[in-house]
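Place chain B on chain A using the hints.
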Amino acid sequence: MIGMISYLAFFSTMAAIFAIAVLGLNLHWGYTGLFNGGVVAFFGAGAYGTMILGGRADATVLGGFGLPFLVALAGGVVLAGMLAWIVGLLTVRLRHDYLAISTFGVAIAFESLTRNAEWLTGGARGLRGFPRPFEAAVGNNFVYGLLFLAFVLLVLVLVYIGLERLVRSPFGRALRAIREDETAARSLGKNPTRLRLTSFVIGSMIMGVAGGLYVSFYAFVSPQDLAPILTFQIWAMLIVGGAGNNRGAILGAFLIWAAWTASGFLLARHAPVAMQIYTGSIQYILIGSVIVGMLLWRPQGLLPERLETSAGPDRTRPAGTNTTATTNKGVT
Amino acid sequence: MTDAVLSVEGLTAGYVRDLPILRDVNLTLRRDTLCAIIGPNGAGKSTLIKAIAGLVPVSAGRVMLDGKPITGIRPDQMASLGLAYVPQTDNIFRSLKISENLALVLRRVPDRATRLDELYTLFPPLAEKRGDRAGSLSGGQRQMLAVAMALASRPRVMLMDEPSAGLSPKIQREVLDLARGLTEKGVSILLVEQNVKQALRVADHCYILAEGRNQIDGPAESILSDPAVGEIYLGGRRVGAA
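Protein chains in written order, with my numbering: chain A, 1 to 332; chain B, 1 to 242.
Excised from the complex, chain A in its bound form (with noise of 0.2 Å):
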């Protein structure tokens, strides 16, 4: 029974480190309409960035400082910010496609980095050793897994609300702008630029918070972490889930989240033991194919974008069924 639940509570911590990393996608994608394919660059910026000031100290790398928990946090998400600061500046005229391949690129090269760069990074062996917040002081390890649950949770929440907060402000407004038409936009006095920048940085601190959390949670991390099917990971959990749609990008990470570490689990269990060695192969393909499946079937996701209408008859029903029009009111 303790196995089942510390269980579920290691898969819910997963999922909902991915549901934050999805969110901030989601600002990207859903309502900016940036085409980031380097989601794992940015995850993986707050991951080294919180490990190497908050781990322990090891003599063959600069890093490991053991700053608090919340400081080192906090340093990966500013480093997740820079590096998107700095991509932003360089990819600004890039739009949709061109900018996908231009940051999938930017997440092969800091995978290489990560790789290469032995005395920060620790080369391929990767960094070890976090101290988690208050684990010395619980002891328990099934307690202190929901503990961590918990806090993880708590993030999640707070990223969702500043989120939805964010995206129903006049910025949010703007960026939907931009999103349908920069011209538009632009001739209306907005500047596209700037906004897409703000809009690129803030969701790829989000995905920084992701990565630092990723790490405080598994105290290690290498370069075989950020491999790009992580991107692929979160981009199929954000077009499941609805990408717009900050419940639904929530939704889907958990969904696939699950569906992925069934698949894993089926695989090794029942399928031919020729055929084990490929399971790794086999979920690729899975999660290939449920995107392009939910993109041909279900391009709005399970739960697509809210567009709102507040007043006025409904005009969607035949005339007669108005019962509707109040309830819409009630939403908004």
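If you are wondering where the hints come from, they were derived from the structure by calculation, not from laboratory data. This one's a predicted model, so the numbers in the text were calculated from it and none came from an experiment. Hints are supplied without guarantee of correctness; some may be wrong.
Stated by the list, open to error - Under 7 Å between C-beta atoms, here's a sample of chain B residues computed to sit facing chain A:
no. : residue
1   : P75
2   : D76
3   : A79
4   : D90
5   : N91
6   : F93
7   : L104
8   : R133
What the hints assert, rightly or not - Short, incomplete list of chain A residues facing chain B, as computed with Cβ under 10 Å:
no. : residue
9   : D58
10  : P170
11  : R173
12  : A174
13  : R176
14  : R179
15  : D181
16  : R186
17  : S187
18  : L188
19  : N191
20  : T193
21  : R194
22  : G244
23  : E305
Don't be surprised by glycine CBs; every beta carbon is placed ideally from N, CA and C.
Below, chain B alone, put in the same frame as chain A:
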């Protein structure tokens, strides 16, 4: 009453360096008048409007608004200088509500509540549908919203790129009448039109552009009777029909 509010002097502009679309174009828009730019396809009419609005790089010449040069100013800063631009298509934000579209542009207007009321009074259909998504509007209402958004910051000059494109003849007339009416409210209008007859009906002055150059200009009521216009630029039959 007849002083120039917008003037274009020797403007050379194009999308690619060393490949100008417009060559040495001159144009004057007088205060509180409506000026139409007509000409055959590919004449550079829309490019001229975009160059004035700052959306196309200018390589020579200058644009003056109320005697002050505005050449090369970023398009998003033009609005605060009193110049509004209404793109031909995609000039509203379909996924936003009508009220949100207006709130978006009223953001930097100091008395936005009053201005919003004024705009709703000016365009009753928008007030009626304020809670609807802009994508649900008809073609004419969309142009109405686009014009309302351009008017939000109380511009002195409004540039309109083919406001009648894609509309039925009746709605075309309504949109052009709307533009005409704005000149009585202190807005000077420069518009590009394909529909020559409709444009000349509402315009005070008319410029004819072809091959990216000024060809001929004159008062709207007399220009169609100039035989050169029909022969060279518009096709003789169109003049006969008018």
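Okay, the hints, checked on the actual structure:
{"no.": "1", "hint": "P75", "in the structure": "4 Å, holds"}
{"no.": "2", "hint": "D76", "in the structure": "5 Å, holds"}
{"no.": "3", "hint": "A79", "in the structure": "3 Å, holds"}
{"no.": "4", "hint": "D90", "in the structure": "5 Å, holds"}
{"no.": "5", "hint": "N91", "in the structure": "5 Å, holds"}
{"no.": "6", "hint": "F93", "in the structure": "5 Å, holds"}
{"no.": "7", "hint": "L104", "in the structure": "6 Å, holds"}
{"no.": "8", "hint": "R133", "in the structure": "6 Å, holds"}
{"no.": "9", "hint": "D58", "in the structure": "50 Å, violated"}
{"no.": "10", "hint": "P170", "in the structure": "5 Å, holds"}
{"no.": "11", "hint": "R173", "in the structure": "6 Å, holds"}
{"no.": "12", "hint": "A174", "in the structure": "6 Å, holds"}
{"no.": "13", "hint": "R176", "in the structure": "6 Å, holds"}
{"no.": "14", "hint": "R179", "in the structure": "8 Å, holds"}
{"no.": "15", "hint": "D181", "in the structure": "5 Å, holds"}
{"no.": "16", "hint": "R186", "in the structure": "4 Å, holds"}
{"no.": "17", "hint": "S187", "in the structure": "4 Å, holds"}
{"no.": "18", "hint": "L188", "in the structure": "5 Å, holds"}
{"no.": "19", "hint": "N191", "in the structure": "5 Å, holds"}
{"no.": "20", "hint": "T193", "in the structure": "9 Å, holds"}
{"no.": "21", "hint": "R194", "in the structure": "9 Å, holds"}
{"no.": "22", "hint": "G244", "in the structure": "9 Å, holds"}
{"no.": "23", "hint": "E305", "in the structure": "8 Å, holds"}
Violated hint: 9 only; the structure is consistent with all others.
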